[in-house]
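Asks: Work out the full structure, taking the sequences as your base and the hints as a guide.
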Amino acid sequence: MYSDFLRDYLIVVLFGVLAFVVVGAFIGLASLVRPDRPTPAKVTAYESGVDPVDGGWSQSQIRYYIFALLFVMFDVEAVFIFPWATRLEEYGMFGLVEMTIFIFILALGLGYAWRKGVLRWV
Amino acid sequence: MSVELAYWQSTSIRLVFALVAVLIPAGGAVYLYLFKMMSFMQSRLGPMEAGPYGSMQLLAEVGKWLQKEDIFPRKADKLVFALAPYVVLLSTFLLVLVVPFGPDAYFVDLDVGVFFALAVSSVSVLGILMAGWGSANKYSLLGGLRAAGQLIAYELPMVLAVVGVVIQAGTLSMQGIVSAQAEGEIFGFGGLGNPFIITQFVGFAIFMIAVQAELSMTPFDMPIAESELVTGYLTEYSGMRFLLFFIGEFATANIFAFFASVLFLGGWTVPPFITDIFGIEYDDAIFNVLGPIVMLTKMLLVTFLVYWARFSYPRFREDQLQRFAWKILIPISLVNIFVTGVLKVVF
Numbered sequence: 678m679y680s681d682f683l684r685d686y687l688i689v690v691l692f693g694v695l696a697f698v699v700v701g702a703f704i705g706l707a708s709l710v711r712p713d714r715p716t717p718a719k720v721t722a723y724e725s726g727v728d729p730v731d732g733g734w735s736q737s738q739i740r741y742y743i744f745a746l747l748f749v750m751f752d753v754e755a756v757f758i759f760p761w762a763t764r765l766e767e768y769g770m771f772g773l774v775e776m777t778i779f780i781f782i783l784a785l786g787l788g789y790a791w792r793k794g795v796l797r798w799v
Numbered sequence: 171m172s173v174e175l176a177y178w179q180s181t182s183i184r185l186v187f188a189l190v191a192v193l194i195p196a197g198g199a200v201y202l203y204l205f206k207m208m209s210f211m212q213s214r215l216g217p218m219e220a221g222p223y224g225s226m227q228l229l230a231e232v233g234k235w236l237q238k239e240d241i242f243p244r245k246a247d248k249l250v251f252a253l254a255p256y257v258v259l260l261s262t263f264l265l266v267l268v269v270p271f272g273p274d275a276y277f278v279d280l281d282v283g284v285f286f287a288l289a290v291s292s293v294s295v296l297g298i299l300m301a302g303w304g305s306a307n308k309y310s311l312l313g314g315l316r317a318a319g320q321l322i323a324y325e326l327p328m329v330l331a332v333v334g335v336v337i338q339a340g341t342l343s344m345q346g347i348v349s350a351q352a353e354g355e356i357f358g359f360g361g362l363g364n365p366f367i368i369t370q371f372v373g374f375a376i377f378m379i380a381v382q383a384e385l386s387m388t389p390f391d392m393p394i395a396e397s398e399l400v401t402g403y404l405t406e407y408s409g410m411r412f413l414l415f416f417i418g419e420f421a422t423a424n425i426f427a428f429f430a431s432v433l434f435l436g437g438w439t440v441p442p443f444i445t446d447i448f449g450i451e452y453d454d455a456i457f458n459v460l461g462p463i464v465m466l467t468k469m470l471l472v473t474f475l476v477y478w479a480r481f482s483y484p485r486f487r488e489d490q491l492q493r494f495a496w497k498i499l500i501p502i503s504l505v506n507i508f509v510t511g512v513l514k515v516v517f
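From first to last, the protein sequence lines are chains A and B.
According to my numbering, the first sequence is numbered sequentially starting from 678.
According to my numbering, the second sequence is numbered sequentially starting from 171.
Because the hints were derived from the structure by calculation, they are not lab data.
Glycine included, each C-beta is placed from N, C-alpha and C at the ideal position.
Possibly wrong hints are sitting among the right ones.
[Said to hold, decoys possible] To be clear about the criterion: a stretch of chain A counts as covered by chain B if any three or more of its residues have a C-beta under 8 Å from a C-beta of chain B, and this derived list gives those stretches:
1) 695 to 701
2) 705 to 711
3) 748 to 757
Replies: Here you go:
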């Protein structure tokens, strides 16, 4: 007997394969008709016509890192909120109070980041 | 369905329909909105030569892209650069997987459907970061980082806006959410069902704003802001790979519109007072045929809103973008969850 549950997720894998096949087919088709004549000027990085200085990889702002950290905090929270949301009717008032405390603590975290000024993009 | 199909047969049919559901509406939306609606909003005709009313323009464009040279920058990280469009399209195809089109016409009805959709929608961020990093171009890298910062910032309001719907429906399955809206009642009146846009209009507004940002559509198109970053993470791409990013963008726009229809507009069902006239149930077998048409109609309405905003507003500044997400949308969506929870428990 085959498991319907696993079959559902086999389709997920197959759709992923389909995406790769489609992209591969498009690029493969293009490679049959397109020209291929790279010249030094063509393969230089395009930076508005000015010759690029140094490599393309440079150091970037720390704020991207901080926003990523904040994101992790809230995304993990979402993982906890979803199961709660589906079962709220059974939990009733107990679940509501629990989640209010949880969201309040999270809001404190956001408030702390806000107060510290990391939400300002300057 | 009376016909019994072997597993491989039904799976093959699903894969073919997935191709149809991704590519055809994407092409349709590009012609209808990007070519024609944008032209009319700007008092011009748009493409008129290729085919009647320019309807074959898209084929001409694809033919053009096919013949373009595929340039790899000399310093690029070749593997990462080449793989980026694959990852973006992977996200698109996994997204369409959980969209239901009728009582039996769905690809797969995962128990965690909504959650799955929100999870795989973030995969495209990886592809965009790969494109930005792999190009070895400063503008590309900046664009990629901006895209990542923007997409994760607006991921949160989107996820939190959907929680309100999940609380009301009590399930994460897409089909479950559709049934919950068809069977629902508003203060004892069931003629409209209970499309969640009525009770969750705050959630709907936040969801649509977040969708606009997730798709990097104007006014949220800083990652590809042409006046600042050339074309951001797309700068070094040419030919087919460039087109694939565009297919990904417009196909994903349609799929997010499908999601908005399922979550807030009742999905493939029509309001019960209409089915009552014909004496059928909302999940009658005929909706396997009508459902996709209903979904397409709702999808076109929702994408109309998206493109309307796209053609009407100027671009935000980068700091305004982040402030809007973290200081306005996220607090509002937290309050929305709380209020929805209280109302659900009290009533």
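Asks: If you check each hint against the structure, which ones fail?
Replies: Of the numbered hints, all hold.
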